[in-house]
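Chemist: Chains as they are written, first to last, in the numbering used here: chain D, 1409 to 1584; chain A, 1409 to 1584; chain Y, 1409 to 1584.
Heads up, a few of these hints could be off.
Repeated chains share a single entry, so a pair holds when one copy, or any two copies, can fit it.
Unchecked claim - Below, simulated EDC-like cross-link-like pairs (lysine to aspartate or glutamate); rule was C-alpha separation at most 16 Å, straight line:
(1) K1448 / E1473
(2) K1533 / E1473
(3) K1544 / E1570
(4) K1533 / E1570
(5) K1433 / E1493
(6) K1487 / E1565
(7) K1448 / D1420
(8) K1466 / E1428
(9) K1533 / D1467
(10) K1544 / E1573
(11) K1448 / E1574
(12) K1412 / D1500
(13) K1412 / E1565
(14) K1466 / E1496
(15) K1501 / D1457
(16) K1533 / D1470
(17) K1448 / E1570
(18) K1433 / D1562
(19) K1533 / D1437
(20) K1487 / D1562
(21) K1577 / E1493
(22) K1433 / E1496
(23) K1487 / E1463
(24) K1433 / D1457
Read the hints as simulated data drawn from the structure, not as lab findings.
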Amino acid sequence: MCIKIGILTMSDRASAGVYEDLSGKAIMDTLNDYLSSEWKSVYEIVPDDQTLIEEALKDMVDVQECCLIITTGGTGPAKRDITPEATEAVCDKMMPGFGELMRQVSLQYVPTAILSRQTAGIRGKSLIINLPGKPKSIRECLDAVFPAVPYCIDLLEGPFLECNEEAIKPFRPQQK
Amino acid sequence: MCIKIGILTMSDRASAGVYEDLSGKAIMDTLNDYLSSEWKSVYEIVPDDQTLIEEALKDMVDVQECCLIITTGGTGPAKRDITPEATEAVCDKMMPGFGELMRQVSLQYVPTAILSRQTAGIRGKSLIINLPGKPKSIRECLDAVFPAVPYCIDLLEGPFLECNEEAIKPFRPQQK
Amino acid sequence: MCIKIGILTMSDRASAGVYEDLSGKAIMDTLNDYLSSEWKSVYEIVPDDQTLIEEALKDMVDVQECCLIITTGGTGPAKRDITPEATEAVCDKMMPGFGELMRQVSLQYVPTAILSRQTAGIRGKSLIINLPGKPKSIRECLDAVFPAVPYCIDLLEGPFLECNEEAIKPFRPQQK
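So that you can see chain D by itself, here it is in the shape it has in the complex:
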């Protein structure tokens, strides 16, 4: 089974070509570091529009069959920040532990980490994780939560992700 991972950047300005999507690139670089399994990225960049975000997420899950989708941007308190709402709208169940842990880790760097509303959830057999929009928080957040991602995808009956253990140590509990 080919492993497909979606990378979805939400940004009015980057989608209009005003600046480069450094965060999407940071996600790509980090996943290349982490994964020893072969994988293929499905990349899209959309403006901060709830309908467009929902359509992009649904396409990545339902049509492209990505087992994992990582978003960046649109998680703050500003009027156009709507990624968590779009994520919740398309998900079957929410995973509050991801946002809690990422905020806790980011709080070690900046007190404004509590302004990030990022969450995670499951649609079908796919795990969707929101990351903040700042390029330098991408690695911080993924380092915190990624050890749980391969086992989560196992539980969703997705592909078996193998990792470069020097970069990240996935944890798979013994089955009871």
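Could you slot chains A and Y onto chain D? The hints should help.
Modeler: Chains A and Y only, in chain D's frame:
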């Protein structure tokens, strides 16, 4: 007033008799350790079916008048894991602090603690707390949150729970 | 632009004059300590009634144009505690990081901190933050979250809050 506590195990396999319900037993043992008040358990084991879970919770609250209900199982990301949704569906108000603290404590043991979607809430005068399904996490999670449980039940105008203070120290703030 | 901040106390007893609203006063004192900008308070005290709370919040945001509203009381598990539900009902988006951090900080003092259901959210251009009802937890909670508040209000296109840096250090990240 007789103190009744519900113990509800969610498991397709245990409810079919495929294996023993070790987690339900661990809850019973832990409560026997904690409580010096006399109490009576109301125990049920159901498959991971949202309607059946909701019915069992409603029966324990509305008919059996349990002041506290502790569930185990069905909190993960897999398709059949539906306990948090069933809990939220029957509760009047949610208590996010329980899930946050339990995940934080479990994170000290396993990075996959963020996959647990367990929550807590109030229905009528009853506190419902979800625990994960793994037997060894029962005590860890209860040790973390139980010190707040007797005071919570006081606030819900339920029975006064007395504890063995060597096993667990309940905290009741001075009234303002 | 005149900086207006709402202070909303929820209490059946304080609103009936049974006792003094020490928590509202503690919020006022703390904000006077924190802020070097001139500001004006909009103060109200209401009973624990969801409709009255929602009306007070809407008035403070939509009519009084407060950029920040701090509530106290009504965050516990008891039947009349309904502040988080009223807050969520009037908000466009929720800010889960505030409640998470405040509970985490309060947990250093009392294990019953997990019983507090306080949250925060955005309505229009206003940030609404719930605090617990106990006077002594006001300062603890505000010390934890206030460093992120001025930047949040910047992102909401509200007034620029300046602080007494000996009392509280606001954090404004460099724009990307």
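Chemist: Each of the hints needs a verdict: does it hold here or not?
Modeler: Verification of the supplied hints:
Within a single copy, K1448 and E1473 get their C-alpha atoms as close as 11 Å, which meets the 16 Å cut-off; across copies the closest is 49 Å, which misses it. Proximity of K1533 and E1473 under a CA criterion of 16 Å is satisfied intra-copy only: 8 Å inside one chain copy versus 38 Å between copies. In the homo-oligomer, the alpha carbons of K1544 and E1570 never lie at most 16 Å apart, since the shortest distance is 25 Å inside one protomer and 27 Å across protomers. When the C-alpha separation of K1533 and E1570 is checked against a cutoff of 16 Å, the pair qualifies neither within a copy, at 18 Å, nor between copies, at 45 Å.
Taking the shortest Cα distances, K1433 and E1493 never come within 16 Å of each other, neither inside one copy (24 Å) nor across copies (36 Å). In this homomeric assembly, K1487 and E1565 come within 16 Å of each other (Cα to Cα) only across copies, at 9 Å, whereas the closest approach inside a single copy is 37 Å. Proximity of K1448 to D1420 under the C-alpha cut-off of 16 Å is found in neither arrangement, the shortest distances being 25 Å within a copy and 36 Å between copies. In this homomeric assembly, K1466 and E1428 never come within 16 Å of each other (Cα to Cα): the closest approach is 25 Å inside a single copy and 40 Å across copies.
For the identical chains of this complex, K1533 and D1467 are intra-copy neighbours only, at 13 Å inside a copy versus 33 Å across copies, given an alpha-carbon limit of 16 Å. Within a single copy, K1544 and E1573 get their C-alpha atoms no closer than 22 Å, and across copies no closer than 27 Å, so neither meets the 16 Å cut-off. Proximity of K1448 to E1574 under the C-alpha cut-off of 16 Å is found in neither arrangement, the shortest distances being 21 Å within a copy and 52 Å between copies. In the homo-oligomer, the alpha carbons of K1412 and D1500 never lie at most 16 Å apart, since the shortest distance is 20 Å inside one protomer and 34 Å across protomers.
Taking the shortest alpha-carbon separations for K1412 and E1565, only the intra-copy value of 14 Å comes in at or below 16 Å, while the best inter-copy value is 39 Å. For the homomeric pair K1466 and E1496, the shortest alpha-carbon distance inside one copy (12 Å) is at most 16 Å, but the shortest distance between copies (25 Å) is not. Taking the shortest alpha-carbon separations for K1501 and D1457, only the inter-copy value of 15 Å comes in at or below 16 Å, while the best intra-copy value is 22 Å. For the identical chains of this complex, K1533 and D1470 are intra-copy neighbours only, at 9 Å inside a copy versus 36 Å across copies, given an alpha-carbon limit of 16 Å.
When the C-alpha separation of K1448 and E1570 is checked against a cutoff of 16 Å, the pair qualifies only within one copy, where the shortest distance is 14 Å, while the shortest distance between copies is 48 Å. With identical chains, the CA atoms of K1433 and D1562 are never at most 16 Å apart, being 26 Å at best within one copy and 28 Å at best between copies. With identical chains, the CA atoms of K1533 and D1437 are never at most 16 Å apart, being 24 Å at best within one copy and 36 Å at best between copies. With identical chains, the CA atoms of K1487 and D1562 are at most 16 Å apart between copies only, with a shortest distance of 12 Å across copies and 37 Å within one.
In this homomeric assembly, K1577 and E1493 never come within 16 Å of each other (Cα to Cα): the closest approach is 31 Å inside a single copy and 31 Å across copies. Neither within a single protomer nor between protomers do K1433 and E1496 lie at most 16 Å apart by alpha-carbon distance, with minima of 25 Å and 35 Å respectively. Taking the shortest Cα distances, K1487 and E1463 never come within 16 Å of each other, neither inside one copy (20 Å) nor across copies (22 Å). In this assembly of identical chains, the alpha carbons of K1433 and D1457 never lie at most 16 Å apart, being 21 Å within a copy and 42 Å across copies at closest.
This entry does not satisfy hints 3, 4, 5, 7, 8, 10, 11, 12, 18, 19, 21, 22, 23 and 24, going by the numbered hints stated previously.
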